[in-house]
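A.B. asks: Sequences and hints are given; from them, build the entire structure.
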Amino acid sequence: MSEFIQYTLQGLAAGGFYALSALGLAVIFGVLGVVNFSHGACYMLGAVISAVLLAELDLGFWPALLIVPVVMFCFGVLMERLLVRWLLALDPLYNFLLTFGLTLVLVEAVKMRYGVSGLPYEVPAGLGGQVTLGSVSLSTYAIFACVFSVVVCVAVGLLITRTRIGMIVRAATEAPERTRALGINVGRWVTPVFGFGIALAGLAGVLAAPTRAITAEMGSNFIIILFAVVVIGGLGSILGAVVAGFLVGLVEAYGIAYAPAYAQIVIFVMMALVVLVRPSGLFGREEIA
Amino acid sequence: MSSATPLLETRSLTKEFRGFRAVSEVDLTVSEGSVHALVGPNGAGKTTLFNLLTGFLTPSSGSVLFDGRDITGLAPEQIAPLGIARSFQITSLFEQMTLREHLELALASPTGMGRQWWRPVSRMSVFADRSMELLDQVGLADRAGVPAGSLAYGQKRALELAIALALDPRLLLLDEPTAGMGIEDIDRTITLVKRIASGRTVVLVDHNMHVVGSLADRVTVLQAGQILAEGPYDEVRTDERVITAYLGSAHV
Numbered sequence: 001m002s003e004f005i006q007y008t009l010q011g012l013a014a015g016g017f018y019a020l021s022a023l024g025l026a027v028i029f030g031v032l033g034v035v036n037f038s039h040g041a042c043y044m045l046g047a048v049i050s051a052v053l054l055a056e057l058d059l060g061f062w063p064a065l066l067i068v069p070v071v072m073f074c075f076g077v078l079m080e081r082l083l084v085r086w087l088l089a090l091d092p093l094y095n096f097l098l099t100f101g102l103t104l105v106l107v108e109a110v111k112m113r114y115g116v117s118g119l120p121y122e123v124p125a126g127l128g129g130q131v132t133l134g135s136v137s138l139s140t141y142a143i144f145a146c147v148f149s150v151v152v153c154v155a156v157g158l159l160i161t162r163t164r165i166g167m168i169v170r171a172a173t174e175a176p177e178r179t180r181a182l183g184i185n186v187g188r189w190v191t192p193v194f195g196f197g198i199a200l201a202g203l204a205g206v207l208a209a210p211t212r213a214i215t216a217e218m219g220s221n222f223i224i225i226l227f228a229v230v231v232i233g234g235l236g237s238i239l240g241a242v243v244a245g246f247l248v249g250l251v252e253a254y255g256i257a258y259a260p261a262y263a264q265i266v267i268f269v270m271m272a273l274v275v276l277v278r279p280s281g282l283f284g285r286e287e288i289a
Numbered sequence: 001m002s003s004a005t006p007l008l009e010t011r012s013l014t015k016e017f018r019g020f021r022a023v024s025e026v027d028l029t030v031s032e033g034s035v036h037a038l039v040g041p042n043g044a045g046k047t048t049l050f051n052l053l054t055g056f057l058t059p060s061s062g063s064v065l066f067d068g069r070d071i072t073g074l075a076p077e078q079i080a081p082l083g084i085a086r087s088f089q090i091t092s093l094f095e096q097m098t099l100r101e102h103l104e105l106a107l108a109s110p111t112g113m114g115r116q117w118w119r120p121v122s123r124m125s126v127f128a129d130r131s132m133e134l135l136d137q138v139g140l141a142d143r144a145g146v147p148a149g150s151l152a153y154g155q156k157r158a159l160e161l162a163i164a165l166a167l168d169p170r171l172l173l174l175d176e177p178t179a180g181m182g183i184e185d186i187d188r189t190i191t192l193v194k195r196i197a198s199g200r201t202v203v204l205v206d207h208n209m210h211v212v213g214s215l216a217d218r219v220t221v222l223q224a225g226q227i228l229a230e231g232p233y234d235e236v237r238t239d240e241r242v243i244t245a246y247l248g249s250a251h252v
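Keeping their order, the protein sequence lines are chains A and B.
Residue numbers for the first sequence follow full-length UniProt numbering, so the first one is 1 and each next one is one higher.
Residue numbers for the second sequence follow full-length UniProt numbering, so the first one is 1 and each next one is one higher.
It is possible that part of the hints are untrue.
Unchecked claim - DEER-style ranges, computed between Cβ atoms:
1. B:Ala224 / A:Asp91: 25 to 31 Å
2. A:Trp86 / B:Pro81: 25 to 31 Å
3. A:Leu88 / B:Asp142: 39 to 45 Å
4. A:Ala259 / B:Asn42: 55 to 61 Å
Said to hold, decoys possible - Covered stretches of chain A, as calculated for chain B (at least 3 residues, CB under 8 Å):
5. 167–176
6. 183–190
If you're looking for bench data, these hints aren't it; they were derived computationally from the structure.
Idealized CB from N, CA, C, for every residue including glycine.
C.D. replies: Pasting the structure below:
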């Protein structure tokens with residue numbers, strides 16, 4: 001039983017990384033119609049920048065938690081302005097290929113500068129130990145990562161459901177033309193929304209830094225699982241991205257614990273089942289006209 | 001009526017898609033306060049014309065004048081605040097937003113609140129009364145809190161009208177407001193459009209001659225992107241060219 005609780009917590013912590021990143025992916029897809037393949041690379045950049053901040057500037061986890069999302073927001077803004085924007089009018093496949101190419105460039109650039117072996121990073125002071133509850137002993141950092149992701153997801157959820165910008169983003173996600181016909185300038189929100197989505201991927205990277213090996217390739221597997229998350233949750237569904245993120249984290253953790261050989265396969269079997277039963281995903285709209 | 005200043009005017013308005021002229025040299029004049037119907041067979045260019053008027057398409061040549069001002073080439077979000085609202089042929093409502101939210105979104109857009117993005121939606125309660133009033137006008141007041149996705153087809157079309165009205169437009173463009181409706185819904189919609197048309201100018205596309213006959217002061221018949229005939233309904237209805245081109249002998 002105590003093991004099961006540990007696996008659950010690990011699953012939820014990993015799920016938090018997926019949920020945050022998938023949330024960014026969903027918001028970007030919703031407003032721009034762009035499937036951002038470089039999302040995994042942005043997650044990797046978030047972790048790498050954290051490690052660099054520590055090594056070069058002696059800035060630890062807590063400052064990184066603030067600085068990295070800001071840096072990644074700016075990166076996202078540049079990416080949208082300089083690259084993505086010019087292909088928006090074309091078939092969405094072009095931006096998919098563009099961000100795929102960008103992924104290769106980013107991964108190779110990080111390899112050239114920092115090599116292929118992992119960059120060192122540590123669990124922040126104060127979160128290093130274990131919390132013991134009765135017979136169960138849990139990693140403090142995993143609890144923190146899990147709670148932090150949930151808090152950020154809830155905050156983004158409130159932003160989207162309770163504020164005017166959220167209302168506009170939801171409206172533009174569902175029916176951009178209609179929103180423009182109401183006199184709302186959807187285009188004005190495109191760049192900040194893209195930056196925001198990238199910042200979320202970066203934030204997931206910072207959170208993952210203390211527990212994962214920080215390498216140029218760490219985003220490659222991540223993006224594949226992230227696509228599974230988005231398909232399970234329903235492409236473009238914001239709630240779906242979050243719920244499926246935690247769900248996939250859990251399934252992956254149980255898989256690793258109880259059937260290590262099948263851990264990765266289980267996720268994709270789950271994806272296949274969801275697609276068979278509900279092609280639009282758990283929270284996707286039935287009709288995609 | 002013809003001497004009144006036109007609210008909407010197009011001059012040699014033309015839209016070409018890769019050599020195909022969907023709208024060709026159209027000179028349309030809509031006088032203020034009238035209900036003007038656009039009719040014509042499928043592919044006559046009615047929806048393309050709508051998209052040109054509302055900025056969703058940019059004309060290849062020609063111009064669009066609204067209240068004497070040249071609005072050719074403006075974006076939809078620039079045209080809407082001038083007082084032009086449109087409904088859509090395909091019901092493209094925000095499925096997961098409630099009816100009240102739809103109207104609040106529409107009501108808030110022309111105000112300064114558009115810039116105050118951080119404002120909680122609850123502050124938009126200043127629009128609550130007006131939202132309910134509009135929903136009441138189209139008979140949807142009791143559904144204010146439900147998501148639009150759960151409405152029946154006829155109700156969705158009625159919500160369309162309420163949203164267009166929320167912008168308090170001088171010119172209301174209705175793209176097939178009765179498409180796909182049963183006879184009961186059609187009659188209800190006719191009554192509704194009559195009521196909301198008072199004090200406004202309406203341009204209406206519809207296939208249903210009963211709808212056009214009951215609502216329109218003036219009818220323009222389009223064929224292959226060009227104006228075939230124009231005049232009061234009874235005149236156009238008996239026009240030889242129109243009968244052959246569009247109505248068919250069965251309708252007369």
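A.B. asks: For each hint, tell me whether it holds in the structure or not.
C.D. replies: Consistency of the hints with the structure:
Here the CB-CB span from Ala224 of chain B to Asp91 of chain A is close to 30 Å, well matched to the stated 25 to 31 Å. The hinted range of 25 to 31 Å is satisfied by Trp86 of chain A and Pro81 of chain B, whose Cβ atoms lie roughly 28 Å apart. Between Leu88 of chain A and Asp142 of chain B the C-beta distance comes to about 41 Å, which sits within the given range of 39 to 45 Å. Between Ala259 of chain A and Asn42 of chain B the beta carbons are some 58 Å apart, a value that agrees with the proposed interval 55 to 61 Å.
Look at the region 167–176 of chain A against chain B: 6 of its residues bring a Cβ nearer than 8 Å to a Cβ of that chain, three or more, so the hint holds. Only residues whose C-beta sits within less than 8 Å of a C-beta in chain B count toward coverage, and the region 183–190 of chain A has 5 of them, enough to reach three; the restraint holds.
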